[in-house]
Amino acid sequence: MTGLLSRAAGRVAGRRRSRPDPLVADLVAALGPDRVQADAAARYLASRDASIFSEGTAGPVCFPASTEQVQACMRIAARHHRAVVPRGAGTGLSGGAAPLGSPVVLSMTGMNSVLEVDLDNRVAWVQPGLVNLELSRRVAAHGLHFAPDPSSQQACTIGGNVANNSGGPHCLAYGVTSAHVAAVEVVLSDGEVVVLGGLEAEPGGYDLRGAFIGSEGLCGIATAVAVRLTPNPPAVKTMLAAYPDAASAAATVGAVIADGMVPAAIELMDARAVAVIEEFARAGYPRDAGAVLLIEVDGMDGGAAIQADRVVAIASANGAASVRVAADEAERARLWKGRKNAFGAVANLEPDYYLHDTVVPRSKLAEVIEAVGEIADRHGVSVINVFHAGDGNLHPILAYDSRIEGMTERVAAAGEEIIEVSLAAGGALSGEHGIGVEKRDHMDKMFSPADLDHQNRLRQAFDPHCRMNPGKVLPSPHSCADIASLKAADGALWG
Amino acid sequence: MELTAPRAAPGAGPGAAAAVDEALAEFAAEVGPSGPVCVRGGGTRWCQGGPGDPEARVVAAPAGVIDFEPAEMTVRVRAGTTVADLHQTLAAAGQRTALPVRPSGTVGGALAVGESSPARLGLGPVRDALLQARYVDAEGRVVTAGAPTVKNVSGFDLCKLLVGSLGTIGLIGEALLRTRPIPQTERWVRAAGADPKSVLGQSRTAASILWDGSAVWVLASGYEVDVEADLGELAGLGDFEPADPPELPPHRWSCSPASAASFGPERLGGDGRFVAEIGVGVVHADRPQPPRQMSPGAARLNDQIKARFDPTGRLNPGRRP
Amino acid sequence: MDLGLDSDELVSCVACGLCLPHCPTYVISGRDAESPRGRIALMHAVQAEGAPVTDEVVRSMQTCVQCRGCETACPSGVPFGHLMEGTRAALVSAGRITGRWQRLGLAALGRPRLLRAASAGLGLLQRLRMIPSARLGLPERIPLRRPRLRASGADVLLFTGCVMDAWQRPVHRAVQRVIEAAGAGVTPTGAAAPCCGALPAHAGLERLSKSMAERVMAGLEGLGGGAGEVPVLVDSAGCGAALKDYGRLLGTEEARRFSARVFDVHEWLAPRLDRLPPVRPLEAAVAVQDPCHLRHVQRAHEPVYEVLEPFVESVATLDDDGLCCGAGGAYSVLEPERARMIRDRKLAALERSGATVVASANPGCSLHLAAAGLDVRHPLELVAQALEVPALRA
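Residue numbers (this note's numbering), protein chains in the order written: chain A, 1375 to 1869; chain B, 15 to 335; chain C, 309 to 702.
Watch out, some of these pointers could steer you wrong.
Partner residues aside, some chain C positions facing chain A, computed with beta carbon under 8 Å [unchecked claim]:
no.	residue
1	Val-319
2	Ala-323
3	Gly-325
4	Leu-326
5	Pro-329
6	Ile-336
7	Gly-338
8	Gly-346
9	Pro-360
10	Glu-364
11	Val-365
12	Gly-385
13	Pro-387
14	Gly-498
No lab work stands behind these hints: they were computed from the structure.
Just so you know, even glycine gets a beta-carbon here, dropped at the ideal spot from N, CA and C.
With these hints in hand, go ahead and build the complete structure from the sequences.
The following block contains the structure:
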């Protein structure tokens, strides 16, 4: 094993096997040979996530087993003047886990235990590598769950949820990750451990917990998270409303909210989405619909029934051709299965897709969806809309084949215009995927230099030397790292 | 003085450039780039975070509701507006916010202090109500944090840092808040001798559960049919009768939910009065909580935050959260 | 290096990562190189980006159990099993995997007499305590003599296979008894169709697997007097999956027609349960282990539950989403440590179910789980046992 590793280590630095990379040697000494991979295959895979961004090349990939080992990695990286990029399941879509430059990558998948379920405080202390859905399964026996449910919840990790302040369909009523995390144990870039927030109602000092959540790995690495557990609602009603067009579906969304309801979730899928979902998931969506809304209300029996009746009435008044209420848990699961598998199912259309993520005011939904369709047509790109309509969180999927010349550029141009349309409508760059590499250079479209300066101050308070996930979120010159210099990796990966 | 670049306001069409609100610009000018300055709202919670520097110039944020869109469930309001006035405007459309209502208490004050309403169990904490803030920084610039939408992960969450910062990061001039529908029914009931933990485990409509060591008060909130059903179930745990909520003692303790539910007068010297927020962890008591120790690492981070945002220490000197 | 993979199949992976929790090696290791997404990315790097086939790339492919749990989880319908078999075939051609001894062993599967002799030899060595059975994934007691199977008619063919016929003939007998109880005459295929070719296919020995497939089809042509339309029933999930794949493997119309008449025995039995006599259910709490080749490849695991239900006291479904048990054909022998770690998770799931008996419709899984000390039976063994005690009629 040692022989293999030192050979791999030699490759990292492009040296001969007799002189292993001192960085790798230090990491191996601290973590043991099984927890450090420096071979080209491991580094190649750690250089990408679920996004289409992969500009840098991972350095050695570490698999720490404890907070102490994370501290050791941070200290060693600092000593060698190398940056550090944390990584969960790599399901992020903005390139947050795809390293720039050639940093040390810390894969947190090995730290995936539930440390403690504290029923009296309705929290659980968990390690960051725990899979989101696995957490809910582990507490299901107590009638509790973890509310944020990103579409990748079967694979994505709690650490990744914290880094991205992840949402999901049910965040409409329950709030995003930040509302469900009481405290985070964090290792800072100098190796120090600090607990942010706490189980008490009003922890003293600044809300550093809140500032850390959503910081996309730029403020430190979470090594333990106290997640709040939510009681399962006693009654859930899931409805599928089919419309002749997306505009009437969008109108329903505003009407439902204006009626004084906050449904658990409202998801909109356009005609092409319905077609592709039916092709793969057979969720029972009406294939001839111009758009469908998947609406879920929950609560106690009486209130859920009242809300369901109101939703059905409002949907019909806004032109729904049919509204189906799921009769049982199996039907409900099937309706959701279609929604949750929508993005991957798109690959049945084209080999590549770019899943966009912007937010607009609910009142602007219809107009922005139309503009998105027009933009896609103009660039000759297929667009499919599947999104969290209840909170105005658009997810246009641009499906394409990158093997066609000029296609990637056309998709990028369409993506940029979608951002501009969303911001002009009074929206935001990202609702849940984060900025990462994807939208970094669009940040100045939404924020002034002073705004960005303050964001960088926050980041530098945590990481003065900008060693954590450099080159992400903040554009030059508001980022302390020289982003241009990060793109070049040191030496050819496959050497 | 440098103002933030003009940008589109919600509702503005493409290309429209809505400059910073005039009242906000005036507020920024008043704060200016130098000299100790202290922002004051209704002055309801100056018992928290230190007395403040009497030498500091006192400023007040402008008042008024700028834009309320019921179908968006958001409201844009100037920080000097009282929460009571704001809620009066919102009530016309059947909505409200999670901010606590105190006589003369302002939106900016509620955000800067960061203390949640006693109905936090149902309404959520104050920090989750702030979607976007425009504040004047130590250099006198207007800075925008967050986004004008109900959901946003564009960049770092400076809003969280502002809530509860007692004006030491920046002086909030304007806030975009999340609103919530006012439920069909809200009813306080009380039962002597009920077990607060069982009530928390049982009730599905409680927006607040208060306990003074002997009696439990529940604010049942929601659809009438649900409140009725819930109160019916609660009857198994105690003799719940309609009642006014208890008067809250003046001092605020911060505990974990579990320790608030097992609070006792022994922690107040044997004879103190308290009212605990069950499921939340705030305990209202007749004497102040002993000072809490922050870990050295957390203390160092707090210092670095303050140093980065207000290097000269001119914002609300003498106060620290 | 050209792996010979179909470019459209290769790029159909959008790297979403939804396969990760359904991959047994990723679940135990947390390493991208041991995940379906990572393996596909490496295939792409090698075939399309000119990356060299490093030792680590080879290991990434070798550590795959080929359970194909990722395929059922994949929203994009990536044909992972096909890509992996293609990659292994290319690596075999390039001399990077599958040593000569392994090829010899796999070739022996298609030679019933040689296999019987080898099996008897192993059985003897075992009794002399000269080989570590558990570590090699061998049954506790390899039979030295086997009960005979006799044809009782030609309504259905019962595919008997290679290793299973050598080691688990009592299972075939039980299956035959149950089919006969349902009123159908059975012709066991025996030496007419020695081996389905699944194991060589998984190892990347494409030529060998094709020739075995052709031999099976030829051997079953007209067997039992039927005109090539008699259902071929299979009581081993792995063999069933292979037989059902002949259409794709050989690409001929004849092979597609053959595959269409192959059924897992439970699939065939479930709609015919009313033909079985009523019995008193066995007093056994049974947990069903879904073999990957039944659940993820044939997607026909549900009939097992349906068939078992009337014959045992309780049938438990495991809560692990059909995650592989780690047997994986020869995997438990080639990668014993990973196979054991994967099995530990299955054992935990079985423990949570509270069952005392495990029903598994695949011989590889049965051996692998039995080696951990569990009471593992073929589902139809349980049914046959229940049928032995007629119910007291009302």
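Checklist entry - Taking the closest Cβ pair, is Glu-364 of chain C under 8 Å from chain A? => result holds (4 Å)
Item to check | Restraint outcome when Ala-323 of chain C is required to lie within 8 Å of chain A by C-beta distance | outcome: holds (5 Å)
Checklist entry - Holds or violated: is there a CB of chain A closer than 8 Å to the CB of Gly-385 of chain C? => result holds (6 Å)
Item to check | Restraint satisfaction for Pro-360 of chain C [CB to CB of chain A, less than 8 Å] | outcome: holds (6 Å)
Next on the checklist: Does Val-319 of chain C hold up as a contact with chain A if the rule is Cβ-Cβ below 8 Å?
Outcome noted: For Val-319 of chain C, the interface hint holds, since the closest Cβ of chain A sits about 4 Å away, which is under 8 Å.
Checklist entry - Taking the closest Cβ pair, is Pro-387 of chain C under 8 Å from chain A? => result Not OK, violated: Pro-387 of chain C not within 8 Å of chain A, min 12 Å.
Item to check | Pro-329 of chain C as an interface hint toward chain A, with CB separation required under 8 Å | outcome: holds (5 Å)
Next on the checklist: Hint validation: Ile-336 of chain C versus chain A, beta carbon distance must be below 8 Å. Holds or violated?
Outcome noted: violated (10 Å)
Item to check | Hint check, Gly-325 of chain C versus chain A [nearest Cβ-Cβ separation less than 8 Å] | outcome: Cβ of Gly-325 of chain C sits 4 Å from chain A, so the hint holds.
Item to check | Hinted contact Gly-346 of chain C with chain A - closest CB pair below 8 Å | outcome: Since chain A brings a Cβ to about 5 Å from Gly-346 of chain C, closer than 8 Å, the hint holds.
Checklist entry - Regarding the hint that Gly-498 of chain C lies at the interface with chain A, is the smallest CB-CB distance below 8 Å? => result Hint on Gly-498 of chain C: violated, closest Cβ of chain A at ~41 Å, above 8 Å.
Next on the checklist: The hint names Val-365 of chain C as touching chain A; please verify it with the least Cβ-Cβ distance against 8 Å.
Outcome noted: With a closest approach of 5 Å, the Val-365 of chain C hint holds.
Figure legend: structure checked against the earlier numbered hints; hints not met, in rising order: 6, 13, 14.
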